[in-house]
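In order, the protein sequence lines correspond to chains V and D.
Per the working numbering, the very first residue in the first sequence carries number 19; after that it's consecutive.
Per the working numbering, the very first residue in the second sequence carries number 89; after that it's consecutive.
There may be inaccurate statements among the hints.
[What the hints assert, rightly or not] Derived Cβ-Cβ restraints for the label pairs, each shown as a range:
id, chain 1, residue 1, chain 2, residue 2, range
1, V, Trp99, D, Ala173, 28 to 38 Å
2, V, Met52, D, Ser334, 12 to 22 Å
3, D, Asp232, V, Asn123, 39 to 49 Å
Hints in this document: simulated from the structure, not taken from any laboratory.
Every value quoted in this text rests on a predicted model; they were computed, and no experiment measured them.
Quick reminder that beta carbons are idealized off the backbone N, C-alpha and C, glycines included.
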Amino acid sequence: MTLWLTIALMGLVTYALRLSFIALLERWEIPPLMRRSLRFVPPAVLSAIIFPEVFQPGGAPDLSANNARLFAGLLAALVAWRTKNVTLTIVAGMGALWLWQFFLNG
Amino acid sequence: MVPRTRRSPQVWGFPHIIHPVSSPRSAFLAGFRAELPILLGAIPFGLIYGALAVSQGLPSAIALGMSSIVFAGSAQFIGMQLIGAGTPLLVVVLTTFVVNLRHMLYSASVAPYTRPLAPAWKWLLAYLLTDEAYAVAIIHYSDDSDPAHKHWYFLGAGLALWGSWQASTAVGVFLGAQITANWSLDFAIAITFIALVVPALKDRAGVAAAFSAGLAALLAAALPYKLGLMLAALIGIVVGLVIESSL
């Protein structure tokens, strides 16, 4: 019973955070500064997720050739920049990761 | 009135199929398809979650219930470990709050776009507002195409993730996680985020926001409960604003 109550409250808290501004904007105008800020949310949040995955996959910064994700991530960024093609970026990134790991592991 | 970038990334390399999206159904399917590469990383994550939750002593129904009621990967991993260790309820709930704080940012970010929708749509899309659905939906919202059906695209992306999360969790709970070992499939999520964010970087302020947030995330990686991510995102936003107003 306590377990169900726990996950119900976890769910409630999570849902409240997700609904917060979506519901708030019903009757509330966004202040100009916040409106200007919002366009930086996607690049900021997504980069904050991407960088640690690429530069410190093991938890500590790793800029060596042993870090296959560094190579794969940089190549993916290059392909994404040049082609703007999602599929091609993913194929290049994951392909590079597997190849690099294959050669690393002999 | 809303911030927009100039061009959308070409999903699956067939832009003429996706843009312009002409009906709710095709928008839904386009969103669903855009989410697929992320599933490559999310499904192993769900399998591992399900298998670990059972090994931590959680009843199957609770492990599955968490996936449908909470529906937040990182919070579920942490919550499952805390529950398994017998942590008091209040601590588990507060930890969930902190871990999921970033969803408030996502909420603010999509709110200008969801504003005209009926309440039922808002409640549904809020429930589906995970990192993975947000990434795909917000990039689509920021381009100029098909303004009428973007919530269907969001719904398609959100349900693709939702369905695969429930299914992979269940497989993990009942069969355990035996695959995924050396394939590094989790990296597909980061790669997809790269594919989404890089083409959307159009000006110096956006690039500065991205790089400063990324660097801050590296420096703040040791902070617990995803606080590093939250802090880094806020730093990125401030840097973007400063650069923008100094131009």
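**Request:** Compare the structure with the hints numbered earlier in the document and write down the numbers of the violated ones, lowest to highest.
**Result:** Violated hint (a single one): 1; every other hint is consistent with the structure.
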